[in-house]
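J.: Each chain, written out:
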Amino acid sequence: MLKKLRITLAVIMILLVTALFIGAGYGISQWIGWAAKIQFLPAVLSLSLIAVAIIVVALLFGRIYCSIVCPLGVMQDIYSWLGGKIKKNRFSYVKEHKWLRYTVCAIFVVCLIFGFTPVITLLEPYGNFGRIVTSFYMRNVTLSIIAWVMMLILGVLAFLYGRAYCNSICPVGTILSFFSRFSLFRVRFDQDKCKHCGLCEKNCKARAIDAKAGTVDYSRCVVCGDCTAQCKFDALHYTAKRPISKTETASSEPDLGRRSFLVGSAIAAGTAAVAQAQMKVDGGLAVITEKEAPKRQTLITPPGSVSARHMQKHCTGCQLCVSACPNNVLRPSTDLMHFMQPTMSFEIGYCRPECTRCGEVCPTGAIKPITKEEKTAIHAGHAVWVKDNCVVLTDGVSCGNCQRHCPTGAIQMVEYQHNGQTVMIPTINESRCIGCGACENLCPSRPFSAIYVEGNVMHRMD
Amino acid sequence: MGGAAVATSVVLSACKSNNNNEIIPANVIDGQGEMTYRVNPNSGDKVSLLGYGMMRLPIEGGADLRQNPDAQVDQEMVNEEIDYALEHGVNYFDTAPVYTRGRSEGVTGIALSRHPRNSYYIATKLSNFSPSTWSTEASKAMFEHSLSELRTEYVDYLLLHSIGGGGKDMTGMDMFNARFIENGILDWLVEQKEAGRIRNLGFSFHGEQEVFDTMLRWHDEGKYHWDFVQIQMNYADWNYANRIDPDNVNANYLYEELHRRGIPVVIMEPLLGGRLAKQPDFIVKQMKEREPETPVARWAFRFAGTPEGVLVVLSGMTYMEHLMENVATYSPLRPITPDENEFLMKVAEEFVELKTVPCTACNYCMPCPYGLNIPAIFAHYNDCITEGNMPAGNPEAEEYRRNRRAFLLGYDSKVPYERQASHCIGCHQCEEHCPQKIAIANEMRRIDEFVEHLKQQG
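If you're matching them up, the sequences are chains A and B in order. In short: position in the first sequence from 1, add 574, done, that's our numbering. In short: position in the second sequence from 1, add 496, done, that's our numbering.
Among the hints, erroneous ones may be present.
[Claimed, not checked] Quick look at which bits of chain A chain B covers, simulated, 3 or more residues with Cβ under 8 Å:
| id | region |
| --- | --- |
| 1 | 594-605 |
| 2 | 857-864 |
| 3 | 926-935 |
| 4 | 965-973 |
It is worth saying that the hints were derived from the structure and are not from the lab. Even glycine gets a Cβ: it sits at the ideal position worked out from N, Cα and C.
Based on the provided sequences and hints, a complete structural model is requested.
T.: Okay, here's the thing in C-alpha cells:
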C-alpha cells in the first residue's frame, strides 16, 4: 500500500537525517552521511549526478522525494497529521499559486547564480531542517531564533494547510514540479468507480485534488498515498499508463558567475593583561577569563572550502559541519552575506592538523574533502601579532607558547628591546602560516589573544 | 646498601628466605599490640612513632582539596579521625599556617581542643615564604595567629618551615637570612622558647645541602641549638634522592648527620607523597610474594620507622582506612631486617627507573598564574606509567591504540583543556616553590609534546 510504504520510508529517512546531525561529532557520518548527500540542493551545489537522478525519479514517479527524502517535508507531514487529529477531512482543492511559486523560484535561482546567500539559506528545505535540529543542542542565540521562527511558521502552515510551503514557496518543490507534471506513475481516477464523495479532496494535504472534476494536479501531488488509502470505492490508483510524448529540457545548470562581497570591520584590540594570582602557597586554581573572538577583517572558512566566495555559493547553512567539528571551531556566521554559513574561531579549540571532518561530511561540496597532508599545506588564513596584548611585554614573563604549538613552524622568536630589557617576541613567517589558530587558542593573553588569525580571501596551496 | 641501623627490639615475623634464598611468603598480621613510642632524649617526651600530618585533609563530599580547591574541609571527618588516632596511641600532630589553603591549623585546633591538652603534642611552623611576611611584625603575627588557631598557649614543636630552598636570584642561605636572621625572628623564637611558649625548636629541610650543613655547624658551635630536625626520608630517597634530581640530598646523609649528634629526627614524605603506595604491578608482585596480606604502603612505613634515631614518622592520613592501616603498622613496629632492606633498595632502584615525575602533590606551586593544574597533570602522567598504560611500541598495535585512547580521554576528564600542559608558557614562577626541585616548565613541555604526538596519530 502506497501510504504505508511512504510512511515507513519517510520515518526512516527523517530519523537518519536527524541522527546524522546529532551524531556528526561522533563520526556517524561515515555510515549515514549519504542521507545529506541525496538532498536535492546539496546535490545540485556539488554538481552531483544525484541531482539528475532526483529529477529522473520525479519524471517517473512524481514528487515522492518530497514525501520521503526531504526531512522538512516529513516534518510538515507530522504537523499536518496532528492538525488532522483536531479536525478531520479539513482540506479543499485550491488552484495552483503559479505566480507565487515561479516568482519565488526565480528569485531563488537568481540569488543562487549571484551568490546572495541569505535568500538561499532561508528558503532551502534541507538547510532549514538541519538548523532546526542543531538549534536544540548548539548554544547559539541567532541560530535558535532563525531555526525556531521557521519551525513555527512551517508548523502553523502545515497544521492548518498541509503542504502549503512545499507548493507555494519551496524552490525545490517548484523545480521538481516541472517534471512531476509529466510523471509516468501518477494517482489516477477510475471514473467508473468514483462516486464523487469528495473524501479524497478533503484529505489531500497538497490540496491538489479536485473531486468534482475528477482531476489531480501533478505539479503539486507529493505522492503520499493518503487519498488512495482513504477511498472507499477503490476509485484511486497509483499507476502508469502510456508515457506522455511531450518533453521539456531540464533547466540548465546555474551559470557560476562571480561577484564577491567583502565585509570590512575594525579590529578590536583589547588590552589583555593577565591578573596575577597572589602566589598563595599550598593550593588553589587561578580563575581563567574566557577568551573572546577578535573582530576579523576577513572571515576564516575551513580548509577545503577553497575560498569564502566558493563557500558562499555552495553552502546551504545546514550546520552539519558545525555539528561535526570536534574542536568547536566552526560556528554559523551572522554576517549577512554568509548567513548561517560556517566560519572559524579559536576561543575554545583550534583547527587541529590531523582532523579533516568538515570536508568529509559536507553534502554540497562547499567544503571539499581533503587529506591530512593537504590540510597543513592549505593556507586558509594568516596570523597577526597584537603587540599590546603580548604577555612578554605586559607581564614581563617569557612565553613563546604560540611558537611551540605552530604545526608548520611559521613562528620564530626573536630578540626585542623593551624598557631596557631584551625579551623574545614571536614573529610570523607569512609564507608558512596556514591559519589553523593554534597560536590564537593557546596564547595566554585573555580575553583577547595577542596573536590571532585573519582569513585569506582565497585559500592557496603554495 | 643502606646503612640503616636495625632496632634491637624483637622481630615478630617468620624468616623471609631460607638458606637457598627462596622467598617464602610470610603469614604476618600486624597491629596486634600497642603503639610503639620513641623518647625525645632532650625533653623526655614520649612520642608515638606514628605522627598525624594535617596537610592533606578530607573535604566534604569525599576526595581532597587538590581536586576541589574551594570546597569545605570535612571537620566531622577530621574529628573522627583524630579521636581514633588518640584512642590508639597517636599523640603527635603536625600542621602549618599554609597547609590546606590556610585552614589546617584552625581545623586541627577545633579537633584537638576537644581533648585534654596534655594528651597530645602540637607541631606547627613559621611559614613565612612570601616576601610580604618577612618583616618582623608579619612573622611574629603569623606565630601568634598559629597559637590562636590551635587554641593553645604553647607549641610543643615549632619548626622553621622548609629551609634550604632559594628563590629568584637568591641562594638557600640568602633566603634563610631574609626569613629568619635579618628580621631577628630566629632570636625571637629562641626567646619564646625560654618563655615556655615553644617547647622544642627545630626546622624542616628541603633544598641545598649547604644550608643543612650550616645549620649543623651552628649547632656544633653552640650558636643555635636544634631540638629536632624534620627531613624527607623514604626507601627511594635514602640512596637515590640525587638520582631522582641531582640537586637533592640523599636521606641517608641527612639522617646520619643528625643521628650522630643525637638530634631527634622527624620524618616527612615516608611515602614520597603517596607514590610509594602506587607502585606498578611488577613491584607490587614482589612485595606480595613476600607478604601476601601486607599492604604495599606498609613496607615504606616500616622502613621509615626502623632507624633508631627517628622520633616520629609523619603521615598525611586523609582517609580513615589509611589511619587504621598505619596504626596497625606501628602497633608495634616490626623493624626492617637486613634482608628486607636489601630488597627495598632493589625496589627503590626499579622505582627510580620508572622516571615518573617526582611530584608529591604538595601544591606549593599552585596557583599557577596562567591557570594550569600542575599537580593534576603530573598525577595523570605518573598514573599512566605506574598503571602500565603508557602507549609505547608499534603505533598500529591494538595495545598501543588502547593505551593512547586511555591516556587522552583520561587526560581530558581529569584536567580541563584550559589547564592542560599545552598552556604552560614557561614563565618559571612555580619552580622556586617546588620542594622537590622539579623543573616544572620543562616537564610541562615534555608532556605537551608527548600529548601532541599522540593526538596527531588520530
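J.: Are the hints correct? Go through all of them and say.
T.: The hints, checked one at a time:
1. 594-605: violated (count 0)
2. 857-864: Contact hint for the region 857-864 of chain A vs chain B: holds, 6 residues under 8 Å.
3. 926-935: holds (count 4)
4. 965-973: Three-residue rule met by the region 965-973 of chain A, so holds; n is 5.
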